[in-house]
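Chain residues, written in single-letter form:
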Amino acid sequence: MDEVPNPEDGLDGIELEISELDLSTIDSLEGTALGTILGDLYRAERDITVDGSPLGQIFSSHSSHSRFSSFSSFSSFSSFSSFSSFSSHSSTSWAR
Amino acid sequence: MGEVAAAFGGNAEDTAAEPFKSFICKVASRCNLDCDYCYVYHHADQSWRDQPQRMSLATAAQLGRRINEHAVAHGLGRVDFILHGGEPLLLGVDYLRALCETVTAHAPDVRIRWNGQTNGTEFTDEVLKFCEEWDVCFGLSIDGPRAANDRHRVDHAGRSTFDQAERALRLLSGRGRRHWGGVLAVIDLESDPVETYAYLRAFEPPSIDFLLPLGHHDMRPPGKETSLSGTPYADWLLAIFDVWYHERPQPIRIRRFRDVIGLYLGATRSSEEWGLQPVDFIVVESNGEIQAVDTLKVTYPGACRLGMDVFRHSFDDALTSPMVRARQQNWRTLGETCRRCDVVRICGGGYFPQRYSREDGFQNVSVYCADLMKLIRVVTGTVRRDLAALPRQTERRTR
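The listed protein sequences derive, respectively, from chains E and F. All residue numbers for the first sequence refer to my numbering, where the first residue is 1 and numbers rise by one. All residue numbers for the second sequence refer to my numbering, where the first residue is 1001 and numbers rise by one.
Simulated from the structure, these hints should not be mistaken for laboratory data. Even glycine gets a Cβ: it sits at the ideal position worked out from N, Cα and C. Keep in mind that a hint or two might mislead.
To give an idea of the interface, some chain F residues facing chain E are shown, with a C-beta separation under 8 Å as derived from the structure [said to hold, decoys possible]:
| id | residue |
| --- | --- |
| 1 | 1073 |
| 2 | 1076 |
| 3 | 1134 |
| 4 | 1228 |
| 5 | 1232 |
| 6 | 1245 |
| 7 | 1370 |
| 8 | 1377 |
| 9 | 1384 |
| 10 | 1387 |
Beta-carbon label-pair distances, calculated as ranges [claimed, not checked]:
| id | chain 1 | residue 1 | chain 2 | residue 2 | range |
| --- | --- | --- | --- | --- | --- |
| 11 | F | 1195 | E | 24 | 23 to 31 Å |
| 12 | E | 24 | F | 1339 | 17 to 25 Å |
| 13 | F | 1049 | E | 15 | 25 to 33 Å |
| 14 | E | 22 | F | 1339 | 30 to 38 Å |
| 15 | F | 1135 | E | 25 | 20 to 28 Å |
| 16 | E | 17 | F | 1125 | 46 to 54 Å |
This is chain F alone, in the form it adopts within the complex:
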């Protein structure tokens, strides 16, 4: 554990104070897709192979008890439970229903808000009915129009999954709108950004999150293999920003832009990839193991492992883990370069896994540092100009 703590930037001696409010639960450990960028199956950590295919109801019951215990101890009236995988809908709605009933029955003192993330291939009318029964909100993973989606998001036989994903998109954007969190789309520099945005926008998702491909200094992202000083991802995103920002009305939240603007304007919290706020979620694997954020699987085998499980450990125990404490005290995990940089209050040093190298652990600048800097400069500059153009109160008084 000392080695792990060192990788995370030394010893975080204070006890973490922020309780977990979101529980990412790997109810299914397998997926029917074989996306080449997937952090679960195609990177350094292959621990999914040791997991049961689905979370048993006995594990779900114990998980419910632990969530309840944690909520009561910290006075939480509500927590988020994320049905995650793998592909959670592979379990079938009957099993998902039983799982929700089991967790709820063992967590009587807290309101559970149900969420999920799906690739959409199994999202049917029957699933929508389950969402209505349990008020589940699903995010849909789709990278854009057919060509963009099929470059990466194929099944295990290499076949397109676009038609199924688009069917889910239509269902969620129609009758399922109330149960739709939005879209996750991984950026592919080969795709035209404006075309990608236009395709997704046509379905009027409540939110879109354009994700930077998971990479780090020892596994550089596409387009940054030979140089980290270029800004292809900022340029890609800014092409969308230019359209999105000027559309009116604008009901769609693009999380990456919203976080930058929000933090610039003084938000105290944002999504996990930005800012320096403590991370307040935890992952529970199919077998009940408690783990740190699972995107760390792109770094090194066992990067997420805390050595804890819901049968032997409480979530308060997990709060004492060096890895969890490090993520709760983000400032401590920053390298010197980031600590000296004013922009860190917006970028937070970049997404945690994207700072990794074998040589220096997580104390590097982000592999996307140049992109983040350009994105922040252009977005905040635009906002600053617009705010400056608003009439001042003194000017109004003199009219």
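Just chain E, with the same shape it has in the complex:
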């Protein structure tokens, strides 16, 4: 195979560690793409396929049903203990 890239050449600029998130500050992300994904993550306990199948090339699933998708519903989770306990996780323990 010719010209197969070396993935390590592309690692520059990718920092996989993220600093600890303070969830009380992320309300400013409400309505943004990032805020929606954060909401999905916390609501689904990090399984973003929970509302649907993880199928890739094949189909779009129920995951896109809107019943859980609004940021406002996510915001209301913030009083849950499981949600607030997350904020104390370090980035390293959160990463696999």
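Based on the hints, put chain F in the right spot on chain E.
The following block gives chain F in isolation, referenced to the frame of chain E:
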């Protein structure tokens, strides 16, 4: 089978532990479209020719029994059943209704969530009524505006199918919204990315999945024929990312970006094309054959074949197949280069079929490796900057 196991990266000795939660059921083996990139009809595996045109109700009944058996054995309260093809709507709603009734009648102990994927040409008010009756959620395949769609998605006479697909788009985005999973669009580098996104976005789909064309090292994708180090697909996607990410409010999930961001932020599962989580779905052909993920049909004839069927085998039997075990233990199937790369926890080594070569099986980097690396670098860099800009708790306390 030993040869197959070798292609998948050697022997996966442990028993697969992840039950199947999604069943992609080829209820129709034929399609009324003749898309030139289709992995079912236009690639190495031509096994569709041996399949009955539709799944019989006897097969559907046995499939229901097997799903029920699997769900009970693994304590699954709910599974996804995907009406897939070919084009499932070619069966007509009466037959689809009978099929759903048959499967349900033979799977009394599990809740079945109905999904489907359609090219939209047969998606009518009557189909929508069927969706309402059975709470079916359909994904629609359309590549973008007319010019983009008609470059590939034509019928068997080479005629445009855009008007029919757009009619489905209007129906699903209107009265059918509750039954709309979103859009699948295959990337064509000739199409303007922002124009493509703007067209689809106007219908406010709940999700869009921009698919990388299926290709591998022996069948390179368009734009990567002579070099794999360029990043035309990353550049195409990033043009959309730049618009999508900054739109507010943003109700549309673009799965490719969502998966990268989700995995970067610590998601344990994502869609099949990303990450290293076990694959928890299985394909059932029209004749009841149990097969591995059907996109493998782009690699070599018989790549999906497990030698099993729902009449003689349970889905637990399928879990013991070397191919299934390999997909459940994704780490084992990676080549050395990917194993050494930190980014693998996001890209998962790239989509499985896109790693294939006759010489090394699936133990290559993805044919899209350079694109994935650039996409991940830019997307995660953007997210990282935004998160870093959020006020810290200590700063708030001092105010």
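Quick rundown of the hints versus the structure:
Hint status for residue 1073(F): violated, given a least beta-carbon distance of 20 Å to chain E, over 8 Å. Because the beta carbon of residue 1076(F) sits about 13 Å from the nearest beta carbon in chain E, more than 8 Å, this interface hint is broken. With a cut of 8 Å, the hint placing residue 1134(F) at the interface with chain E is violated, because the nearest CB-to-CB distance is about 13 Å. Because the closest C-beta pair between residue 1228(F) and chain E is about 5 Å apart, less than 8 Å, the hint holds.
This hint is violated: residue 1232(F) has a C-beta 13 Å from the nearest C-beta of chain E, more than the 8 Å allowed. Taking 8 Å as the C-beta cut-off, the interface hint given for residue 1245(F) holds, the closest approach to chain E being about 5 Å. A least Cβ separation of about 4 Å between residue 1370(F) and chain E falls short of the 8 Å threshold, and the interface hint therefore holds. A least Cβ separation of about 5 Å between residue 1377(F) and chain E falls short of the 8 Å threshold, and the interface hint therefore holds.
The restraint placing residue 1384(F) at the interface with chain E holds, with a minimum CB-CB distance near 6 Å, inside the 8 Å limit. Taking 8 Å as the C-beta contact cut-off toward chain E, the hint placing residue 1387(F) at the interface holds, the least distance being around 6 Å. Judged by the Cβ atoms, the range 23 to 31 Å given for residue 1195(F) and residue 24(E) is violated: they are separated by roughly 40 Å. The supplied range of 17 to 25 Å is broken by residue 24(E) and residue 1339(F), whose beta-carbon atoms lie about 39 Å from each other.
Distance hint check for residue 1049(F) and residue 15(E): the Cβ-Cβ separation is about 50 Å, which falls outside the suggested range of 25 to 33 Å. Roughly 34 Å separates the CB atoms of residue 22(E) and residue 1339(F), a value that falls within the hinted 30 to 38 Å. For the pair residue 1135(F) and residue 25(E), the beta carbons lie near 39 Å from each other, so the given range of 20 to 28 Å is not met. Between residue 17(E) and residue 1125(F) the C-beta distance comes to about 52 Å, which sits within the given range of 46 to 54 Å.
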